[in-house]
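Q: Dock chain W against the given chain Z, drawing on the hints supplied.
Residue numbers (UniProt numbering), protein chains in the order written: chain Z, 1 to 279; chain W, 1 to 396.
There could be a bad hint or two in this list.
With beta-carbon atoms standing in for the labels, derived distance ranges [unchecked claim]:
1. Z/N134 x W/D152: 54 to 60 Å
2. W/G8 x Z/R213: 35 to 41 Å
3. Z/N150 x W/N65: 30 to 36 Å
4. W/S186 x Z/K132: 51 to 57 Å
5. Z/S183 x W/G8: 33 to 39 Å
6. Z/N194 x W/D126: 17 to 23 Å
Simulated from the structure, these hints should not be mistaken for lab results.
Cβ atoms here follow ideal geometry from the backbone N, Cα and C, with glycine treated the same way.
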Amino acid sequence: MPLSTQSQSDDEQYVLVASLDNARHLSNILKAITFKDHAIFTATPNGLKVTVEDSKCLQANAFIQAEIFQEYTIKEDLVGFQINLTVLLDCLNIFGGSTVPGVSTALRMCYRGYGYPLTLFLEEAGVVTVCKINTQEPEEPIDFEFCSSNVTNKVILQSESLKEAFSELDMTSEVLQITMSPSQPYFRLSTFGNSGNAHYDYSKDSDMMELFRCTKTQTNRYKMSLLKPSTKALALSCKVSVRTDGRGFLSLQYLVRNDDGQICFVEYYCCPDEEVEED
Amino acid sequence: MHCVVTGGNVKVLAKAVHSLSRIGDELYVEPQEDGLALRSVNSSRSAYACFLFAPLFFSRYSIPNGHTFRCKMAIKSVQAVFRSLATLEKTVEKCHIELDEQKDRLTFTLHCKHGLLKTHNLSFQDSESLQAVFDKDSCANVFRAQPRLLVDTVVHFPASLEEVTVSVSDERMWVRNHVEEEAEQSKVMLTELCLASDEFDHFAVKAHSSITFCLKELRGLLVFAESTGLPVSMYFDEPGSPVVLSVTDSVLEGNFVLATLSEDPNLRKNNSKGAHTQPPPPPDDFMNDDIDSYLIAMDTSIAPGPSATGPSTASLADSTCSKQSAAATLRTKTHREEEEENTEEDETDDSERPPNKKFRSLFFGSVLPLSSQMSTQPVMCQEVLASDSEDESQVE
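Looking at chain Z on its own, in the form it has when it is part of the complex (with noise of 0.2 Å):
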């Protein structure tokens, strides 16, 4: 690894450094929460969390465990920064992102502290780029309170059958409508679109449905457009659970394997669109 023959010395001026044998495990989770340029990064020993925001109703997290990483190695208890994702990804991919199976992207990220920049070495077939991306003031992510013990309803579906019903969703529709209910029609998604509207039923004993547990009828909308990208999440995923808590908020997390068979999770939290009748 011609990367990681750099001195000691050099990094002992770092408090975060992280280094991955192919870029693209990185990257690829990165992708599934880019809805927006502004990404705050938490750095524990524990791992990387990558935050993105959007109109204080969606939080999008990737977590990626230390154990994921070739290196990690972090000087503090909590490391945070905010970076612009959209050229971090730009970086990471800085030599075509090529999916060419026994080429990839050896990459060595590392951070000073506060008002250094991020430093990315990144390695292919010799050749080794560096960038430096400035970093920015941390925000502090929205807490939505969230918290398992307030989940009225929960399912955990295989993502293949989310996938289809995904990319079938009419998008005329302004909202996707989740209704969750002990009895029929126990997990329904439906659209209300310009030509009509839908209804996707998964009944609870299907074969992709790993778990349901639902308690009480549930139905609350949320935006069509906040949802949206969620479905770069769901392309990658294999597991997907879908919760809501006594407020009708939404938490889907997703379970994402990579080649190597490493687990990594992302998860979305969104506010509900209005108040809707329960029938």
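A: Structure of chain W alone, referenced to chain Z:
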């Protein structure tokens, strides 16, 4: 109305809707006693397509009792029901099509694998019957070929190509890209394929002729024919009269009627100046009234009764009405003759939608049963206006 489609037939239905979407923006749905008719027509009314699915195509077929029901809806919304065409065969087990007359909704319910149920409630508009007037059995030239032959032929033409020219002799068919007369000669590339008669299942030529029509609609039909493996039949006479492409099976019939260009652009110019120098009109009863043989006139006629809904009877539909409409198109033509050279309207026609000018429009009969004749009278008048090319430019 309640129809149930199962198994592989769901895909056939979906493919039919997709190929109709190559024609127009609206899908006309008409449950008839002899089957479910799905039709579409393009905005310039130079192309029309109809699929008729026989009751046997369905595992259940019931139509509204006591009254006829017809509607039209955005074809995109129906396409959306069958969006995942590639996986449709594997995922969809059963498709119900139901009419909810209380709510004015047409409901498509797809029962899919893994217990997934997709329900699409689509709104629709009432419509008159859409019926092109054509008689493919009287055509001089008849061909039938496996879809593969035609697919392999059109694949050589770029997607941007609008029209192809098909020429036939006793032994051969030539297919080539149509080159606009205004095109700069140095930049033009001509592609021509020659098909021998033995490549066809049926090859009958009575008139050596050469016709030019739009490729887009042909491609649309081929997508359907290829997926169902049904041979494609082609019927035509001379330039200017429509070409009919059809696929037939024991449970379904699809007909695509496309306008063709007049034979010689120079001749056409002369023709529009003096229509009486036209070659003899086709032996069709109605066409005798039409002075422009290349103009496939359009009409909205009131048929004497519901019996006149079939294509063959419709072509002989109420002659009085047909004559009236012929007069209407004639009026339009006269108007054009007077102002051919430099009217504003013609200029916009030329710049915005050249095919309209060349292809004019197809001849349509809007066939209504007597019972609904009175109430729809004003609509009919509007329809006659719609056949006027002036109106088309207003729509623009």
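Q: State for each hint whether it applies.
A: These are the hints, each one checked on the structure:
1. As the Cβ distance of Z/N134 to W/D152 is approximately 57 Å, the hint placing it in 54 to 60 Å holds.
2. Checking the proposed 35 to 41 Å range against W/G8 and Z/R213 shows it holds: the Cβ atoms sit about 38 Å from each other.
3. Roughly 54 Å separates the CB atoms of Z/N150 and W/N65, a value that falls outside the hinted 30 to 36 Å.
4. For the pair W/S186 and Z/K132, the beta carbons lie near 53 Å from each other, so the given range of 51 to 57 Å is met.
5. The supplied range of 33 to 39 Å is met by Z/S183 and W/G8, whose beta-carbon atoms lie about 34 Å from each other.
6. Checked against the hint of 17 to 23 Å, the pair Z/N194 and W/D126 passes, with Cβ atoms roughly 18 Å apart.
In terms of the numbered hints stated before, the structure departs from hint 3 and from no other.
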